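> Residue numbers (this note's numbering), protein chains in the order written: chain A, 1 to 146; chain B, 1001 to 1156.
Keep in mind the hints are simulated off the structure, nothing from the lab.
Everything numeric in this text was worked out from a predicted model, so none of it was measured.
Please note that a few of the clues may not be correct.
Think about it this way: if two alpha-carbon atoms lie no more than 20 Å apart in a straight line, the pair counts; the simulated DMTMM-like pairs of lysine to aspartate or glutamate are [what the hints assert, rightly or not]: (1) Lys68/A with Glu1099/B; (2) Lys29/A with Asp1065/B; (3) Lys1140/B with Asp99/A; (4) Lys1141/B with Asp99/A; (5) Lys1129/B with Asp145/A; (6) Lys1075/B with Glu146/A; (7) Lys1129/B with Glu146/A; (8) Lys1075/B with Asp145/A; (9) Lys131/A with Asp1034/B; (10) Lys1140/B with Glu25/A; (11) Lys68/A with Glu1072/B; (12) Lys68/A with Glu1118/B; (13) Lys1119/B with Glu146/A; (14) Lys58/A with Asp1034/B; (15) Lys1129/B with Asp66/A; (16) Lys1141/B with Glu25/A.
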Amino acid sequence: MAKMVCILLMVLAGASVLGARQADEPDVKSKIIALERLSKMQAFAAKDVKTLDQLLDKNFVLVNPDGKVETKADLLLFVQSADSLQYTVGVMMVRVHGDTAVATGLYSLTGVQHGNRLSYRGRFVDTWLLKEGQWVAIASLTIADE
Amino acid sequence: MDDLTWHRMRTRNWIVLFLMACAGLALPAQEVSDGGTVAAIRALEQEWTVGQSHNDNRVLDLIFDNALIYVEYGKLVTKGEYLARVKTASPELNQVVMEPMTIRVFGRTAVVIGTYLEKQEQGGHRDMKRWRYVDTWVYKKNGWVLVAAGATRVSH
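With the rest of the complex left out, here is chain A:
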């Protein structure tokens, strides 16, 4: 009997933690949307590699609209070496799975790099991870419109 009570208490304890997590979900979604805007719209335009460095995990990986795989270093170099960049994002959707969040939305990236004009639009899918109390991006897929 004592064993059953113990199990029941543990089930309830688990449920209460799950409930607390669900209650926090809107906050997490707002946070991720803010981080998406900060990393893309602001840091790209300002060529703020310091902010990007903080927001991207050291093992961050990007698949760009051409289907090429890029590392964090590649992305920082791209932003740093661009003459100008403008990244805009539309309405975003965020799904939270505990310490992992996935954000998706439509984007438009325009700019000039080494004198060449860049123009992409399509959809992105980003994966964020809560690591040591900070949300960091671990993967990003950018899909160009066909």
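Based on the hints, put chain B in the right spot on chain A.
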């Protein structure tokens, strides 16, 4: 026995109550070794490919999270829409050849990056496209589930 099978069998066991109690608590990353995780994710990716090629959306239903974010040909589709399409797709007209993949494990999250070759046949015309995909898997109480997937066409 692979990790997935073990986790699914585990849910049928009485011990599940204890595991459910702990579900809200953080599972230490070390509890799932990277080697085991990589093998489990690879097996799930394979299961997905086989399930899709056999129009078997029941298999996919088990490995896809209900809140799945799936981008197919640039369009966002729900799990329900994707499963419905898989069920009615004509596999002989659309063949997929999987190529090597890389799996990165971040504790209870895994990211898979790989390529596949899609061979399409429409109106007697054959077309081949290479796609690079990014899949995100999260470890939940019943095992690893796919929470996000999408692919972009590889430019020549």
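> A separate judgement is required for each hint: does it hold in the structure or not?
Evaluation of the provided hints:
| no. | hint | in the structure |
| --- | --- | --- |
| 1 | Lys68/A with Glu1099/B | 15 Å, holds |
| 2 | Lys29/A with Asp1065/B | 18 Å, holds |
| 3 | Lys1140/B with Asp99/A | 11 Å, holds |
| 4 | Lys1141/B with Asp99/A | 14 Å, holds |
| 5 | Lys1129/B with Asp145/A | 15 Å, holds |
| 6 | Lys1075/B with Glu146/A | 10 Å, holds |
| 7 | Lys1129/B with Glu146/A | 12 Å, holds |
| 8 | Lys1075/B with Asp145/A | 9 Å, holds |
| 9 | Lys131/A with Asp1034/B | 17 Å, holds |
| 10 | Lys1140/B with Glu25/A | 16 Å, holds |
| 11 | Lys68/A with Glu1072/B | 18 Å, holds |
| 12 | Lys68/A with Glu1118/B | 17 Å, holds |
| 13 | Lys1119/B with Glu146/A | 17 Å, holds |
| 14 | Lys58/A with Asp1034/B | 18 Å, holds |
| 15 | Lys1129/B with Asp66/A | 13 Å, holds |
| 16 | Lys1141/B with Glu25/A | 18 Å, holds |
In this structure, every one of the numbered hints holds.
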